[in-house]
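Novice: Sequence:
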Amino acid sequence: MKHETFARGDTLEQRRLGMAECGWRGLSEGWLLRHLGDVHWRQIADAMGQQAAVFHDTSGAPVYAAFCAISERIVRPERARPGAVLTIASRLRRLSPTRLISFHSLDIDGGSFADVTLITAFIRHGETGGNAQIRRAQPLGQLDLPMMEAGADDGFVEVAARLYREKVVDTPAPMVDVTPCPITEFNAAGLLYCANYPALADRAEWALWPAQAQGLLTMRKIVYLGNVDAGAPVTARLWRDPQRPTRHNVSLASQGRVIARIITEKLC
1 MKHETFARGD
11 TLEQRRLGMA
21 ECGWRGLSEG
31 WLLRHLGDVH
41 WRQIADAMGQ
51 QAAVFHDTSG
61 APVYAAFCAI
71 SERIVRPERA
81 RPGAVLTIAS
91 RLRRLSPTRL
101 ISFHSLDIDG
111 GSFADVTLIT
121 AFIRHGETGG
131 NAQIRRAQPL
141 GQLDLPMMEA
151 GADDGFVEVA
161 ARLYREKVVD
171 TPAPMVDVTP
181 CPITEFNAAG
191 LLYCANYPAL
201 ADRAEWALWP
211 AQAQGLLTMR
221 KIVYLGNVDA
231 GAPVTARLWR
241 DPQRPTRHNV
251 SLASQGRVIA
261 RIITEKLC
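The sequence shown runs 1 to 268 under full-length UniProt numbering.
Among the hints, a few may not be true.
[Unchecked claim] Ranges between beta-carbon positions, derived for each pair:
1) ARG16 - ASP38: 17 to 23 Å
2) PRO172 - GLN255: 16 to 22 Å
3) GLN50 - GLY30: 40 to 46 Å
4) ALA61 - CYS181: 23 to 29 Å
5) GLN255 - MET147: 36 to 42 Å
6) GLY151 - ALA188: 31 to 37 Å
7) THR98 - PRO242: 36 to 42 Å
No lab work stands behind these hints, which were simulated from the structure alone. Ideal Cβ positions, reconstructed from N, Cα and C, are used throughout, including at glycine.
Given only the sequences and the hints, what does the whole structure look like? Please build it.
Specialist: Right, here's the structure in full:
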């Protein structure tokens, strides 16, 4: 386990993997991101001295810690299987006055499995209530958190910033409809759940490149640029990386807006 010194809000947990946590091709990414997102929220609540991870601004409007970017690095994807013991060490730090970052080191049966980094910012719905009009916000309360240690992100903050600023690519690329189902893919805030964006990328891979889609996930980097209302169409465009046959890029868009950029690597 990488992080042996624990500060307030740092957590360590163990669980035996079962069908809820394991998917067709290793650990369920959907389960993992939902769970780590919940850990992230609970750590925020703890740092604010709250029992419940429910936040509001000064007007009483609900405030949410929404994903800005995610990095997943899976070093031994084959270790995930029903019956194995997963250990997760998590620590939450302040990245800036408006952003938080959490680091999650995962071991399976005592061996290194993966590292996941989550970056969030507090947001709320705008006056219209639409998901395309999300805006930054600050929750009531005081966050008692240390700043991120220098270099702890292993350069991911800068990688995410470059991906965020990336210009729209006009190069022709295969496109497929991946419109999400609000019943299963939206959360209690009425937003397309950030943990479900990778599933839209997987759906596009399966439709366009089924052979590559079946590979075990070894890396995923995501920047979130927007959200959508229930029923709004979402399309995915895929580009292969000519320098790395195991890597490809996905752009998710809705009604002329790019809502996410995703870089994926899978074992052949």
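Novice: All hints are to be evaluated individually against the structure, with a verdict given for each.
Specialist: Evaluation of the provided hints:
Look at ARG16 against ASP38: about 18 Å separates their beta carbons, and that is inside 17 to 23 Å. Restraint check, PRO172 to GLN255: a C-beta distance of roughly 21 Å satisfies the suggested window 16 to 22 Å. With their beta carbons about 27 Å apart, GLN50 and GLY30 fall outside the hinted range of 40 to 46 Å. With their beta carbons about 27 Å apart, ALA61 and CYS181 fall inside the hinted range of 23 to 29 Å.
In this structure, GLN255 and MET147 meet the distance hint of 36 to 42 Å, their C-beta atoms being roughly 38 Å apart. Look at GLY151 against ALA188: about 36 Å separates their beta carbons, and that is inside 31 to 37 Å. For THR98 and PRO242, the Cβ-Cβ distance of about 37 Å falls inside the hinted range of 36 to 42 Å, so the restraint holds.
Checked against the numbered hints above, the structure violates only hint 3.
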